[in-house]
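Chemist: Chain by chain, the residues run as shown.
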Amino acid sequence: MVSGIVARARSMWRGVRQRRGVEADMNDEFRLHVELRAADLVRSGLSPAAAARQAKLEFGSTERYKEDGRRSRGLRRVDDLRMSWLDFKLGFRMLVRYPGLTLVGGLAMAFAIWIGAGAFELATQIIRPSLPLPAGSEIVAIRNWDVAANQPEPHIAHDLATWRETLTSVTELGAYRALERNLIIGNGRGEPVEVAEITASAFRLTRVPPLMGRTLIESDERPGAPPAVVVGYDAWQARFGGDTAVVGKTVRLARSAVTVVGVMPKGFAFPVAQSFWVPLRLDAASYARREGPAISAFARLAPGTSLDEARAELTALGKRASIEFRDTHEHLRPQIMPYAKSIVNISGWRSVGVMSVNLPLLMLVALICGNVALLMFARAATRESEIIVRSALGAGRGRIIMQLFAEALVLGGVAAVVGLAAARSGLAWVMGVVEAEFLHGARLPFWFQSRLSPTTLLYAALLTIIAAAIAGIMPALKVTRGVGARLRQASAGSGGLRFGGVWTVVIVTQVAVTVAFPAVAFFVRRDAVQIEQVDVGFPTSQYLSARLEMDRDPPSAAPADTTRAAFAARFRTTYQELERRIAAEPNVRRIAFADRLPLMYHPHRLIAVDAGGAAPLHPAWPAGYRVSSASVSPSYFDAVDAPILTGRGFLASDHAVDLGEPGEPGARGGVVIVNRSFVNLVLGGRNPIGRRIQYVELEEWDGPRPPSESKAPWYEIVGVVRDLGMAVGSDGPAPSNNPESSKQAAGGDPKVAGIYHPVAPGGVYPAHMGIRVSGDPAAFAPRLRAIATEIDPTLRLYAVTPLSNVTESELQFLNFWFRMLLGVAAIALVLSLAGIYAVMSFTVARRTREIGVRIALGASHRRVATAIFRRPLMQVALGVLAGGVLVVLMTRAIAGELSATEAALVVAYVIAMMGICLVACIVPTRRAFRIEPTEALRAES
Amino acid sequence: MTDQAGLLPGTLDLLILKAVSLGRLHGYGVLLRIEQISGGALQIQQGALYPALYRLEHQGLISSEWGTSDNNRRAKYYRLTVLGRRRLGEETASWNRLAEAIARSLAATPQEV
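Protein chains in written order, with my numbering: chain D, 174 to 1114; chain C, 9 to 121.
Bound conformation, chain D alone (with noise of 0.2 Å):
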């Protein structure tokens, strides 16, 4: 059985492989065949003449034997699959002679392979990063991993140092700090801007040379060289404008007067996403074990060595030092990775689910081409007749399918090509709202680039064939079946062709996507529409908002004390002056500090309430509530127009001066203000002051109410003010002193309740201030940043922009989706519209006949169109029912319960998307109805 179906896949291969030589063959052997033939006919005694017409008569007709041995080959099918040039050349004629279904579907098809490509790039690029340096693959991070504490030990300068003598598999091994730094041009204000404190050796690691000036060389190195930076392109232009002469500048990075020595490509941003390049000062073998600065480590796999070996290697190196140094290494493994491994690993079960991400979208693909399908299957109908005749002519079934596919392959390659192109600033555009929205600017590593691999093209060109197959071979499988019954019937033109169920599927989900993408589009918009117009109750566009912080590394003059404290009381005294000096300035009228500011996002915690003093908890929240919080200065609430409703403000010797990590407010206890939503939705109403309340950590109790043994800080609630628009974009009442809406609180979400902290000025760190100005905040800016520069150049300013500003990147975000998503729905639509505009004029086409004999017998218009267009009308209004349903389904799962406005609305919509759809069916009605009976029966039967 088996050698039998190999020998079926041999004779086949040679067949459709060496076409022109089995050709061949048979001619051979057949002239043989005549010729042996002939000679024997000789030697009964004909003469040589006669013989040979003899033998050929015998024979038969060469050509025949020869495409029946073809066909007991089983070439006929292979010969059918076949795709000649022609069947483009028509597929490229049909895309101009339909330019409608090329717009339509065309755009399509190229969209869903927009989209397609464009996740399956980033999935690649997140999952199986590759640097785009010379022979990038070869770069590696080494780091010395702490298994007892489970995460990397940074402080390796005296392993590097070891490293650098011992590894042979590796070369250029080098460090890296990474710093955020002011950089002073002139005397100007600082900016920040990040700076990777580098060994030299990196340079010739990356072997990317540069574009001016020079590299960092070994000399930078050495204590007491003349202090040097590499400037990258990007802050070349940016920062000085794409000065020609600016190698041999000076230029002040925070404290220290640097020299620019030369100017890297484009793109070149090693390590990590650093624009700034100075030497790393490490004399390495000084440090004591596990002592020193942080670093970390790379370097360059030594010619033909494997990341294997280098790892069997370190890991041996690795081992001894383990043993030999059981105090400080007992716990540390040396690894070796892939550079870009070191900073973003996506590995494991997690790569699967980055991967899965193709899937939906391929799924979008599909029913994008099924929708397709269904035009070019109206497409196909129109040309029946022609198909007949070319099956009349001998083509196979085969045949016509291959030509129906290579049409739609056509059509799917000017998509891809355009859906590819777009693909590229589609990328882009992703990338920077990622920057924007998830890093809070901060670039992204370097090896994410709006570039599109081979192996990303390779998926598009297989997404194009998918398409191609769906919208091709589908309709021409469905025309092309029982062509030979109707070719009998020799009805060309008016067969029985027929929408069947499959399309009555495509035509209702399609439909019913088209009415609910809007929706979600609109809800999309809604969120943002609320986080524009969020009401925080003083005017945030006349604040000029900047989140402050201070390098760490003292001022070379003062005693090197690196301690917290120490940094704490510089941060606070340093502070205190620059909010003094501004204070100064004409047009400043209040300053607010705290830890964050209104519109900002708050972190939210568990609390509990002394015994007797909480309200019932709401069911919704039957853990407790998780409430927001903020660490602000006594004049905060004056800065920002809201007075104490109950009880009193802070007082200066409220603060706890903690220089606590964000979202930490004082560890130690103390008094507290509460917003109006605390007390309506965790006190219900009671009287607050007085009222102690604790933070919880889930962990430490199951009940619905925490242990009173907790050791957890008390807090004393002194004050309450106004909602401070501590949690925006949340459900829950807008921030407002109505009484009507803080009943609604209790029902709202618990982030909206607030508790405030008190800390003197400059008591946390990293801080905001909130400048309240007269004028413009924005052109305030260069001024706060010219004055804090003046006090300190390590005093850094980051996000200076009107408060009104700081929910930007939320609302990018949000714009980001609905955008995508009102593309989608445009697509859905136009899509929709030309579909269900095919299938009417398919209708119409197909009983023209009918139409006209009925007209024609008395039948009144409206009758006739109930008749023809029932069906069609039926799958819109299931469709558009189908939709509504979903819409209504969706607003209830995100807005809760709908109100009779809302209720309205979307029975508006629905009303309104049917009326849309119904305009698709005019022009084919009308067209139906000016069939003149005489023509109609004149009509091919």
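Hints may contain errors.
Claimed, not checked - In silico negatives: residues of chain D with every beta carbon more than 12 Å from chain C:
{"#": "1", "residue": "A223"}
{"#": "2", "residue": "E464"}
{"#": "3", "residue": "V761"}
{"#": "4", "residue": "A972"}
{"#": "5", "residue": "V997"}
Claimed, not checked - Derived DMTMM-like pairs: lysine to aspartate or glutamate, alpha-carbon spacing no greater than 25 Å straight-line:
{"#": "6", "chain 1": "C", "residue 1": "K26", "chain 2": "D", "residue 2": "D241"}
{"#": "7", "chain 1": "D", "residue 1": "K239", "chain 2": "C", "residue 2": "E98"}
{"#": "8", "chain 1": "C", "residue 1": "K84", "chain 2": "D", "residue 2": "D201"}
{"#": "9", "chain 1": "D", "residue 1": "K229", "chain 2": "D", "residue 2": "E240"}
{"#": "10", "chain 1": "C", "residue 1": "K26", "chain 2": "C", "residue 2": "D78"}
{"#": "11", "chain 1": "D", "residue 1": "K229", "chain 2": "C", "residue 2": "D78"}
{"#": "12", "chain 1": "C", "residue 1": "K84", "chain 2": "D", "residue 2": "E196"}
{"#": "13", "chain 1": "D", "residue 1": "K439", "chain 2": "D", "residue 2": "E608"}
{"#": "14", "chain 1": "C", "residue 1": "K26", "chain 2": "D", "residue 2": "D213"}
{"#": "15", "chain 1": "D", "residue 1": "K439", "chain 2": "D", "residue 2": "E370"}
{"#": "16", "chain 1": "C", "residue 1": "K84", "chain 2": "D", "residue 2": "E208"}
{"#": "17", "chain 1": "D", "residue 1": "K229", "chain 2": "D", "residue 2": "E196"}
{"#": "18", "chain 1": "C", "residue 1": "K84", "chain 2": "D", "residue 2": "E240"}
{"#": "19", "chain 1": "D", "residue 1": "K229", "chain 2": "C", "residue 2": "E43"}
{"#": "20", "chain 1": "C", "residue 1": "K84", "chain 2": "C", "residue 2": "E108"}
{"#": "21", "chain 1": "C", "residue 1": "K84", "chain 2": "D", "residue 2": "E236"}
{"#": "22", "chain 1": "C", "residue 1": "K84", "chain 2": "D", "residue 2": "E608"}
{"#": "23", "chain 1": "C", "residue 1": "K84", "chain 2": "D", "residue 2": "D198"}
{"#": "24", "chain 1": "D", "residue 1": "K229", "chain 2": "D", "residue 2": "E208"}
{"#": "25", "chain 1": "D", "residue 1": "K422", "chain 2": "D", "residue 2": "D407"}
{"#": "26", "chain 1": "D", "residue 1": "K239", "chain 2": "C", "residue 2": "E73"}
{"#": "27", "chain 1": "D", "residue 1": "K492", "chain 2": "D", "residue 2": "E326"}
{"#": "28", "chain 1": "D", "residue 1": "K239", "chain 2": "C", "residue 2": "D21"}
{"#": "29", "chain 1": "C", "residue 1": "K84", "chain 2": "C", "residue 2": "E43"}
{"#": "30", "chain 1": "D", "residue 1": "K439", "chain 2": "D", "residue 2": "E497"}
{"#": "31", "chain 1": "D", "residue 1": "K514", "chain 2": "D", "residue 2": "E353"}
{"#": "32", "chain 1": "C", "residue 1": "K84", "chain 2": "D", "residue 2": "E231"}
{"#": "33", "chain 1": "C", "residue 1": "K84", "chain 2": "D", "residue 2": "D241"}
{"#": "34", "chain 1": "D", "residue 1": "K229", "chain 2": "C", "residue 2": "D21"}
{"#": "35", "chain 1": "C", "residue 1": "K26", "chain 2": "D", "residue 2": "E231"}
{"#": "36", "chain 1": "D", "residue 1": "K239", "chain 2": "D", "residue 2": "D213"}
Claimed, not checked - Which residues of chain D face chain C? A partial, calculated answer using Cβ under 7 Å:
{"#": "37", "residue": "R181"}
{"#": "38", "residue": "E202"}
{"#": "39", "residue": "H206"}
{"#": "40", "residue": "D241"}
It should be emphasised that the hints constitute simulated quantities derived from the structure, not laboratory data. For every residue, glycine included, the Cβ atom is placed at its ideal position computed from N, Cα and C.
Guided by the hints, dock chain C onto chain D, whose structure is given.
Modeler: Okay, now just chain C, sitting in the frame of chain D:
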């Protein structure tokens, strides 16, 4: 001509298998061999032999190779494969059963009924 029997449908394959089972043959040789072993009683439409040969080769029952004919010409020779030999055995047995049954049926006399 009347002493020559027309070929029953489906029997050509069997005859070809039998012919090449006696030694490797080229196409014309197959034809001559069938005429020879049937004592000239069976005649084959000459060209029709080739599609049958290709079909059998495609099914892996016979294999082919190029060689040189007696008159020093390039010729394609066919031989039986293992698969073909098995098939020939099965087909022969089946044919004999059929022929016997038909012969017995035709020999029946009124007395036997």
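Chemist: Which hint numbers does the structure go against, in order from smallest to largest?
Modeler: The structure breaks hints 7, 20, 22, 30; every other hint is satisfied.
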